[in-house]
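These protein sequence lines are chains A and B, in that order.
Residue 59 is where the first sequence starts when you use the numbering used here, and the numbers rise one by one after that.
Residue -18 is where the second sequence starts when you use the numbering used here, and the numbers rise one by one after that.
No lab work stands behind these hints: they were computed from the structure.
One or more hints might be untrue.
To be verified - Partial list, derived from the structure: chain B residues whose beta carbon lies under 10 angstroms from chain A: (1) Phe(-8); (2) Lys76; (3) Tyr187.
In this text the structure is predicted, and so the values were computed from the model without any measurement.
Cβ atoms here follow ideal geometry from the backbone N, Cα and C, with glycine treated the same way.
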Amino acid sequence: MFKIFKYSFFDVFRSRWTILYFLFFLISSSAMLYFSSNLSKAIASLMNITLTITPLISTIFGVMYYYNSREFVDLLLSQPIKRTNVFFGQLTGLAFSLITGFVLGLLLPFLFYGLLVSSEIWDFTMLLLSGVLLTFIFVSVAFFVSLLNEDKIKGFGISILIWLYFAVIYDGMILLFFVSFNDYPLETPAIILTILNPIDLSRVLILLKLDISALMGYTGAVFNQFFGTTLGILLSVTSMFVWIILCFLGIKSIIKRKDF
Amino acid sequence: MVEIKNIEKSFGKLNVLKGINININKGQIIAILGPNGSGKTTLIKSILGLVIPQKGEILINGKNIKHNESYRKDIGYLSQIAKFPENLNVKELFKMIEDIRGEKGNTEVLIDFFAMQPHLNKPLRSLSGGTKQKVNVILSLMFNSELYIFDEPTVGLDPISRVKFKEWVKKEKQNGKTAILSTHLLSEVEELADEIIFILEGKIYYQGSPQELKIKYNEPTLERAIAKMLEQYNHNV
């Protein structure tokens, strides 16, 4: 798997889209630091960008990479190597090159700004961690959907819809749900619904660490109240790992029986 | 070398292979022919393990290929479409496949033979279609495999490379190598193949040498003999 990973990583890392992705985060984080002149505020603003952009770009890259390497995959699969190694090598190679662009883009301006001697270093680490986990989750979702759909347009459409659902529609539906069932105790459903959405999970993760109750919203507040900061963070990180594992298992079960 | 026993494959309601039996001996070159959509590529992909048949079994060197990837160490596969990672260069691609196989290929000889020297450090996205196909050809030949599988090998190749490819394959045949060839170019078949397997609607319709086919239908060229065979088939259906 590592052999495929290595070459996929270099292939994607050299693409100009990855460089643009890196520049995007470099410029946004520099701008946020410049305008807010406060690490904490910059982290909170960057959170919103990270939570929208990393899943979106991971989804688009995941789908495009899968369909673009479709013929090359045939060649790889005709080599003496396991199917799972081919796909997980590609998936991790792609995810890691996106992660490298994302992490470097955010990290460099913050380092210049004295991150290492500041007290916000752990808040910033949470931001990076959620970006990394989200990249993994959404690249995996994109691969999963693409493996199920031979048709490029269909695969692309479904993947983007999934992103839209988690990033935008989900919150609206939760709100509607809470308003409609206002008379009932909603703490437990709120926690369950948050765990079912990886983007919400990362929001809770960062906000718990930042301790900005005003921005937490209902689910964040419930998480905080129910579990406290440390347990809440542990629970949301674990849930995100469960997301990744479930996606991986899904991919594995498809490639085992798929005809290429 | 290759034994295909009664394999059947369908995609949904579409039955693509309906019980195919083939036995390929070592040192033979077999041409798999048939109209578009007759199941040639599915058959080839079944041998490679890319497509998993619902029934039957495939043995290579006596070993069942199911749930087993090590047998592909003996196979050199040339795919129909040449598409590679865009941002790697030619040299890196060769290195990648050598890494995956865990063995060194005779790339230098092949690079000289196909005059690929000037392209080695170019990224694969900048190569023309024909040059990419040459890369593809080298990838399939570089490990001196026991069994070669060529799917439309010379499409997109320039005449010089085409001649050189055939020259190489003939040399490999003399060395006792086996090959399965799928093509629409009948001149290639006449030049290289010992035996033709003609597939129609998922079944073997004709199996024998190109000469026998010409004699059977009393035609001077392979092309005409096949046309006549198809005409009779359509007449009977």
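> Would the stated hint for Phe(-8) of chain B survive a check requiring a Cβ distance to chain A of less than 10 angstroms?
Replying inline: holds, 7 angstroms
> Taking the closest Cβ pair, is Lys76 of chain B under 10 angstroms from chain A?
Replying inline: holds, 9 angstroms
> Does Tyr187 of chain B pass the interface hint, meaning its C-beta sits closer than 10 angstroms to a C-beta of chain A?
Replying inline: With a minimum Cβ separation of about 27 angstroms from chain A (threshold 10 angstroms), the hint on Tyr187 of chain B is violated.
Going down the numbered hints, you'll see the structure goes against just number 3.
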